[in-house]
Amino acid sequence: MTSHIADVLIPLALDTAYSYAVPDGLPLREGDVVQVPLGTREVAGVVWSLRPGSGANFKSVAGRIEAPPLSPQMRRFLDWVAWYTLAPKGSALAMGLKLADGERPEAVRVGVRLAGAPPRRMTPARQRVVALAGDGLVRLKRELAQEAGVSIGVVDGLIDEGTLETVALLAEPVAESPDPDFSRNHLSEDQRAAAEALAGTLSETPAPVTLLEGVTGSGKTEVYFEAVAEAVRQGRQALILMPEIALTAQFLDRFAARFGVKPATWHSGVTGRKRERLYAGIASGEVKVVAGARSALFLPYARLGLIVVDEEHETAYKQEDGVHYHARDMAVVRGRIENAAVVLASATPSIETRVNAARGRYRHVRLPERFGGRQLPRIRAVDLRREQIPRGRWLSPSLIAAMEESLGQGEQVLLFLNRRGYAPLTLCRACAHRYECPNCSAWLVEHRFRRSLVCHHCGHVERTPQACIACGSVDSLVSCGPGVERIAEEVAELFPEKRGIVLSSDFPGGTERLRRELAAIAAGEFDIVIGTQLVAKGHNFPLMTLVGVLDADIGLTSGDPRAAERTFQLLQQVTGRAGRGEKPGRALVQTWQPDHPVIAALVSGDAERFYREETRVREMAGLPPFGRLASLIVSAAEREAAEAHARAMAKVAEPPPGVTVLGPAEAPLALIRGRYRFRLLVKTEREVDLQGYLRAWMARCPKVRGNTRVAIDVDPQSFL
DNA sequence: AGCACGCCGACT
DNA sequence: GTCGGCGTGCTC
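So in UniProt numbering, spot 505 of the first sequence is number 505, and the numbers just go up one at a time.
Just to be clear, a hint being listed does not mean it is correct.
[As the list claims (entries may be wrong)] Derived pair list, reagent style DSSO-like, types lysine-lysine, alpha-carbon separation capped at 30 Å:
id, residue 1, residue 2
1, Lys-498, Lys-318
2, Lys-651, Lys-318
3, Lys-274, Lys-262
4, Lys-141, Lys-318
5, Lys-141, Lys-59
6, Lys-537, Lys-651
7, Lys-537, Lys-498
8, Lys-583, Lys-537
9, Lys-651, Lys-583
[To be verified] Ranges between beta-carbon positions, derived for each pair:
id, residue 1, residue 2, range
10, Ala-302, Ala-519, 34 to 42 Å
11, Ala-520, Glu-619, 33 to 41 Å
12, Glu-204, Arg-51, 34 to 42 Å
For the record, the hints were derived by calculation from the structure and aren't laboratory data.
From the three backbone atoms N, C-alpha and C, an ideal C-beta is built for every residue, glycine too.
Based on the provided sequences and hints, a complete structural model is requested.
Here it is, written out as structure tokens:
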């Protein structure tokens, strides 16, 4: 006999909680983690709600799992995320529920120390152990044996004799507590005012969202550290979200310099026991500060007081598989639900965040100057129409002259070209055959080091042929256009005695080696760095005084409505790499269109004007942030199936007033994880219930068949 | 996500 | 005959 029914949400792609009978004698509360039968197996789930009832026709809850229960706020947040992203509720739960995979108890750590009289029979091995333990300190059993050069058996023997005694050691803390007053940084007047404004928001109800806008080198990090310190002082937790790549040793060291210890970090690389303990520590409130990638937003914080979203404009915050979400936007909502202050930090805020600040939804705190009176780099456009550059060369005389000057003074130069590989296009001289990807119809990019042609869209790789695959001519292939590898070749010819390095995401040797090389660059072991957008993010190069942008026009011509914004942000960050040390830096920006608004804003340093103009252009086009752009992502193993399905969906739906179906995107299909994928664009006015409409649409669409899947991606926008 | 069920091709 | 491949659908 039972008196209650539990609606249990299971972390699978299910949209409804399933009802189970609660056995008498099993005390359950909403939010508890339970084990329930599902089909033939048992799975873990969370009690989403409890209600009275006999539940005679339901299966019964098998039992409670010893895991931190999910707070009402956490459940509200997950419900909201599922609603907003149009994902099944169970999928949202899956992001927030991390259960121990092994049931095995944590290995007990046993310490030993000297306790009593020497053993009756002394041996050389025993003698060494006793001598070591003579200092009275507690050691791990295994360590003591190792240090003494004996086997564990010898130590065990001494324990049996009573010479040594065992001591239960407390589990190592997952993370040490940061000390908010460990070392106050010296802040400038501006910085102190900004820091006080941010820290003050923690005491407001409801806690507001603040845009912290500061040029590169203005000390944003130090400023938001003060808000973190305030959270810790109040006994609350702070979460610092960052793009995965930015979770560097450099950042952790800066944190440690301010707080005495490194913060707990959470990202996809944190696994196993460590992950479990962190999860538990965060749920208990023991872990005070977490620095993490976007997934850290879904942890069950006990007392969240502050969320910092560092580099809030970063596209890495957008998750594009499974549940589609933008961590920055979800952070704003989580903050509101937990009454935690939110700080969005960036040197180049996204348009939507700017608009929210301009409309008063977010506060706006500015750090207009570099810290320590350092100058912003002088930026100059190099008009490529007026420069004499030989065929097959890409560095203008102006840039070369500037490089000579800087290198001559022992300084570093960064050359930026956002194009991996050797050449973006390969042609046959004899028959004009263009090497294209068999899946995506994108050009294949030559990678000369790897001797292969690579599709940057889907990852397709083929060996660079000796003879043309179309006409058979030998040695007839020509490489058109530059990639970073090709620039490296040119640089080696121009500056043979200088040490150059190419940095791009296909850097050989993985993250570890990349990290080492970045440190080597900072230490001055290279003179010329040639890099893709990888170099724009998060690394300080104190000896870098000159930045050359080789082709500022890349990205301006794409059909993406955010192209201008993205290019502006990228170029502003890259040029900002110049002159972070003592000496002011300068940047030369090679372009074919020096009058383009993006280039003009960059050179004049008038970001405000650019954003105003860009906002106006978007308003006229009816694009976000003034409406919403959603896309249905249709994917299937076969290209035709995906395409046909998207077309069918576009026809079936009859949009309500305020909604425009822009139709299947003309953009080339992308092949991701063996599935063809493309978008069906929907535009709406702000007032329209986009979620309701899209759900209804999906329900009316032809039954999704034949391994076709549909996901929905709501673009970041103003939704508060 | 599993896991069963079912419907087709090649084997002890 | 039946073993097993995968495609489809259900799980309170």
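How the hints compare with the structure:
1. Lys-498 - Lys-318: violated, 39 Å
2. Lys-651 - Lys-318: At roughly 29 Å apart (the allowed maximum being 30 Å), Lys-318 and Lys-651 satisfy the hint.
3. Lys-274 - Lys-262: Holds - the C-alpha atoms of Lys-262 and Lys-274 are around 15 Å apart, at most 30 Å.
4. Lys-141 - Lys-318: Not satisfied, since the Cα-Cα distance of roughly 47 Å exceeds 30 Å.
5. Lys-141 - Lys-59: Between Lys-141 and Lys-59 the Cα gap is close to 48 Å, so the pair fails against 30 Å, i.e. violated.
6. Lys-537 - Lys-651: violated, 43 Å
7. Lys-537 - Lys-498: Satisfied, since the Cα-Cα distance of roughly 24 Å is no more than 30 Å.
8. Lys-583 - Lys-537: holds, 21 Å
9. Lys-651 - Lys-583: violated, 61 Å
10. Ala-302 - Ala-519: 34 to 42 Å: holds, 36 Å
11. Ala-520 - Glu-619: 33 to 41 Å: About 47 Å separates the Cβ atoms of Ala-520 and Glu-619, which means 33 to 41 Å is violated.
12. Glu-204 - Arg-51: 34 to 42 Å: holds, 36 Å
Violation of the numbered hints given earlier is confined to hints 1, 4, 5, 6, 9 and 11; the remaining hints are satisfied by the structure.
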